[in-house]
Amino acid sequence: MFADYSWSELGSIFAMQGFAGLVLFSVFVLMALGLAIIFGQMGVINMAHGEFMILGAYVTYLCSNFFQSTAPALMPISFFIAMVLAFFASGALGMLVEMGLIRFLYKRPLDTLLATWGLSLILQQAYRTIFGAREVGVTLPEWMMGSLPLTDIIEIPINGLIVMAITLAITLAVYLIMFRSRFGAKVRAVVQNRQMAGAVGIDTERVDRFTFGLGCGIAGVAGSAFTMIGSTGPSSGQLYIVDTFLVVVFGGATSLIGTVASAFTISQAQSTMEFFLSGSMAKVLTLLTVVGILMLRPQGLFVLKVRR
Amino acid sequence: MQTDKNGAAPRSMQRRKLMIGAAALALGMAAMPRLGLAQTPPTSEVNTTGLAVTDDTVKVGILHSITGTMAISETGSVQAEKLAIKQINDMGGVLGRKIEFTQEDGASDWPTFAEKAKKLLVEDKVAAVFGCWTSASRKAVLPVFEQYNGMLYYPTFYEGLEESPNVIYTGQEATQQILAGLDWVAKEKGAKSFYLLGSDYIWPRTSNKIARKHIEDHLGLKVVGEEYYPLGHTQFNSVINKIKLRKPDVIYAIVVGGSNVAFYKQLKAAGIDMTKEKPLLMTISVTEDEIRGIGGENIEGAYATMKYFQSLDNDNNKAFVKAFKDMWGQDIVIGDVTQAAYLGPWLWKAAVEKAGSFDIDKIKEASPGIELTTAPEGYVRIHENHHLWSKTRVGHAKADGQYEVVYETKELMEPDPFPEGYQ
Chain A
1 MFADYSWSEL GSIFAMQGFA GLVLFSVFVL MALGLAIIFG QMGVINMAHG
51 EFMILGAYVT YLCSNFFQST APALMPISFF IAMVLAFFAS GALGMLVEMG
101 LIRFLYKRPL DTLLATWGLS LILQQAYRTI FGAREVGVTL PEWMMGSLPL
151 TDIIEIPING LIVMAITLAI TLAVYLIMFR SRFGAKVRAV VQNRQMAGAV
201 GIDTERVDRF TFGLGCGIAG VAGSAFTMIG STGPSSGQLY IVDTFLVVVF
251 GGATSLIGTV ASAFTISQAQ STMEFFLSGS MAKVLTLLTV VGILMLRPQG
301 LFVLKVRR
Chain B
309 MQTDKNGAAP RSMQRRKLMI GAAALALGMA AMPRLGLAQT PPTSEVNTTG
359 LAVTDDTVKV GILHSITGTM AISETGSVQA EKLAIKQIND MGGVLGRKIE
409 FTQEDGASDW PTFAEKAKKL LVEDKVAAVF GCWTSASRKA VLPVFEQYNG
459 MLYYPTFYEG LEESPNVIYT GQEATQQILA GLDWVAKEKG AKSFYLLGSD
509 YIWPRTSNKI ARKHIEDHLG LKVVGEEYYP LGHTQFNSVI NKIKLRKPDV
559 IYAIVVGGSN VAFYKQLKAA GIDMTKEKPL LMTISVTEDE IRGIGGENIE
609 GAYATMKYFQ SLDNDNNKAF VKAFKDMWGQ DIVIGDVTQA AYLGPWLWKA
659 AVEKAGSFDI DKIKEASPGI ELTTAPEGYV RIHENHHLWS KTRVGHAKAD
709 GQYEVVYETK ELMEPDPFPE GYQ
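Chains A and B are the protein sequences, given in the same order. Numbering-wise (our numbering), the first sequence opens with residue 1 and increments by one. Numbering-wise (our numbering), the second sequence opens with residue 309 and increments by one.
It is worth saying that the hints were derived from the structure and are not from the lab. Being a predicted model, the structure only gives us computed values, none of them experimental. Note that CB positions come from ideal geometry on N, CA and C, so glycine has one too. A portion of the hints provided could be inaccurate.
As the list claims (entries may be wrong) - Derived CB-CB ranges, DEER-like:
id	chain 1	residue 1	chain 2	residue 2	range
1	B	Glu454	A	Val84	36 to 44 angstroms
2	A	Tyr175	B	Val713	48 to 56 angstroms
3	A	Leu101	B	Glu454	20 to 28 angstroms
4	A	Met99	B	Lys555	52 to 60 angstroms
5	A	Leu74	B	Glu471	35 to 43 angstroms
6	B	Arg520	A	Phe276	17 to 25 angstroms
7	A	Ala126	B	Pro451	32 to 40 angstroms
8	A	Thr289	B	Arg520	41 to 49 angstroms
To be verified - Result set (DSSO-like, lysine-lysine): computed pairs, CA atoms no more than 30 angstroms apart in a straight line:
id	chain 1	residue 1	chain 2	residue 2
9	B	Lys427	B	Lys495
10	B	Lys699	A	Lys283
11	B	Lys500	B	Lys367
12	B	Lys662	A	Lys283
13	B	Lys670	B	Lys427
14	B	Lys699	B	Lys517
15	B	Lys706	B	Lys670
16	B	Lys367	B	Lys426
17	B	Lys447	A	Lys283
18	B	Lys555	A	Lys283
19	A	Lys283	B	Lys530
20	B	Lys427	B	Lys517
21	B	Lys586	B	Lys530
22	B	Lys706	B	Lys672
23	B	Lys586	B	Lys706
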């Protein structure tokens with residue numbers, strides 16, 4: 001298939017393709033981080049993850065409408081304000097859900113799957129009632145659209161760069177929170193040994209609530225970021241949930257580094273295969289590979305030694 | 309479930325004003341033979357098979373998804389059908405009987421569609437059903453309609469390869485939507501090479517198959533790529549790179565649902581400016597409804613082939629758009645399928661009046677040849693194969709989310725659900 005092209009064209013395309021892979025990688029990390037925190041640290045299978053993302057997207061939508069009509073001058077930075085609001089909105093909803101639902105189910109992890117799935121249906125219908133069944137269009141600041149042309153063929157999508165930057169920032173923040181803060185130390189203590197953590201005076205319920213809220217908040221940020229590249233509708237969250245679980249399970253549920261590594265592997269594999277094969281075939285092969293590796297290594301790529 | 313004698317609950321407070329507007333519109337639609345209340349034939353004559361018809365009412369069903377994934381698309385159809393029913397009632401109903409409707413929710417789930425269809429036909433004994441959107445839901449209800457002998461008015465443009473005496477297809481089948489558009493882009497835009505792209509299920513695949521045959525065998529041009537992505541796919545950067553490498557003149561896109569939004573946003577972000585038409589983008593899956601989700605600025609410059617655009621400049625359409633907005637809100641947009649759904653109740657009314665009966669078998673027989681001069685898209689006529697003769701139009705997307713009609717076929721396109729040489 002490459003016979004008709006010059007070397008410089010090929011070089012450009014491979015550069016573009018590499019960039020596409022990196023963008024996909026960022027998207028996967030952003031989707032999966034929140035879930036990895038909740039699933040990995042708390043053992044809760046949160047099927048409503050996608051709906052928490054979409055809450056973030058709707059907050060962004062409301063925000064962009066608000067700024068457009070009342071303060072057009074602030075429009076260029078409206079997106080970042082929206083993102084912060086999205087974090088708090090999804091985080092707050094997450095904490096409410098934890099208080100009202102999840103905390104009764106910690107001893108029954110499989111039931112969390114059903115309960116959160118039900119929750120996802122409730123949220124979807126709530127969005128449909130509040131925002132209407134149709135997808136909404138989020139108006140983005142002018143400067144976030146379009147691309148930076150480097151050469152004739154190489155054009156770098158600006159929204160791709162922004163997604164990468166956001167992912168980097170969020171990942172760094174999560175790293176600092178989980179591994180460099182007192183809160184993170186408590187979370188890790190609770191994960192490693194709940195009774196012992198309680199015995200030394202850690203309020204495990206409070207830690208649980210904030211961990212769940214943090215995971216959901218990050219989902220909200222992801223949803224907010226995805227208004228740049230995807231759709232915002234009541235059931236858009238469903239588009240992400242399968243890939244998200246794939247990344248988290250493949251990476252090894254308890255390891256955040258595993259999540260990042262698995263996102264990288266899957267995204268590169270998929271975007272490379274998409275280039276050489278058709279889209280549906282690429283997906284099939286990616287899934288097959290993941291299933292194959294999980295058969296050899298059921299615990300995922302990375303494992304954290306945990307005393308249960 | 310919801311039954312509403314008046315047709316629907318109007319959104320605005322100006323109900324009276326709205327009724328007057330609708331009545332005025334109804335007068336405008338009086339081109340059809342008008343059977344007033346004076347002419348009400350006895351129920352025993354017009355209903356010999358035990359349908360839900362009384363001396364002053366007739367019950368019909370509306371069967372769409374109002375919850376679940378498909379609600380996004382089907383909402384417009386429900387609104388259009390309710391508007392048509394209300395307008396018909398304001399004109400005096402059908403054979404002197406007011407239409408009442410029973411609405412059921414297919415919930416985006418195909419077995420539910422079949423179950424609800426059976427309920428409408430067997431329990432409610434409705435005289436006609438306006439409903440379904442996806443081909444999957446239509447395929448699910450088809451055996452039910454044939455077994456219990458019901459009448460379905462199906463609004464969506466679809467892949468063809470089907471013809472049932474129990475269904476009137478008010479949308480266009482694939483050849484009606486595709487061929488004229490391809491001819492136009494080859495002739496007017498000098499397109500030589502095409503890249504076919506779609507979501508991975510029956511409609512895009514069948515449509516692209518027809519498109520490929522037409523491009524290669526009839527136009528003698530080249531297809532440089534053909535690709536499908538799973539429904540709900542949100543990452544199109546790789547295929548966009550491939551398109552850049554192959555440099556087609558036309559990207560022929562049949563992407564649907566949430567993927568649509570992702571595709572157009574990423575296309576624009578990757579520096580493919582559709583207003584420059586290098587490459588030119590042509591789609592058969594984006595109506596004004598979808599543009600609301602995509603954002604007009606992201607799809608500006610693309611071409612769509614449909615039979616109806618909200619911007620169509622004729623008196624029928626102006627009245628229709630006004631009535632629709634008065635009923636459902638001023639900021640609403642109307643897509644191709646919404647208009648096709650609007651035709652359903654009117655075509656059924658015409659068939660009942662021609663047959664002089666609500667009996668399903670008589671309607672089936674009376675349907676072919678029925679004309680509608682009041683359709684927003686212009687004149688339409690039912691073909692022997694229960695599809696509609698209608699024109700194909702090409703629209704050019706503008707930043708405000710509307711299409712500007714740049715071409716329409718001179719003649720009505722004949723519906724051909726089983727096109728020879730295209731399979």
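Hints versus structure:
no.	hint	verdict
1	B:Glu454 with A:Val84: 36 to 44 angstroms	57 angstroms, violated
2	A:Tyr175 with B:Val713: 48 to 56 angstroms	55 angstroms, holds
3	A:Leu101 with B:Glu454: 20 to 28 angstroms	46 angstroms, violated
4	A:Met99 with B:Lys555: 52 to 60 angstroms	57 angstroms, holds
5	A:Leu74 with B:Glu471: 35 to 43 angstroms	57 angstroms, violated
6	B:Arg520 with A:Phe276: 17 to 25 angstroms	21 angstroms, holds
7	A:Ala126 with B:Pro451: 32 to 40 angstroms	35 angstroms, holds
8	A:Thr289 with B:Arg520: 41 to 49 angstroms	31 angstroms, violated
9	B:Lys427 with B:Lys495	50 angstroms, violated
10	B:Lys699 with A:Lys283	39 angstroms, violated
11	B:Lys500 with B:Lys367	53 angstroms, violated
12	B:Lys662 with A:Lys283	53 angstroms, violated
13	B:Lys670 with B:Lys427	22 angstroms, holds
14	B:Lys699 with B:Lys517	22 angstroms, holds
15	B:Lys706 with B:Lys670	45 angstroms, violated
16	B:Lys367 with B:Lys426	15 angstroms, holds
17	B:Lys447 with A:Lys283	27 angstroms, holds
18	B:Lys555 with A:Lys283	25 angstroms, holds
19	A:Lys283 with B:Lys530	27 angstroms, holds
20	B:Lys427 with B:Lys517	37 angstroms, violated
21	B:Lys586 with B:Lys530	16 angstroms, holds
22	B:Lys706 with B:Lys672	41 angstroms, violated
23	B:Lys586 with B:Lys706	17 angstroms, holds
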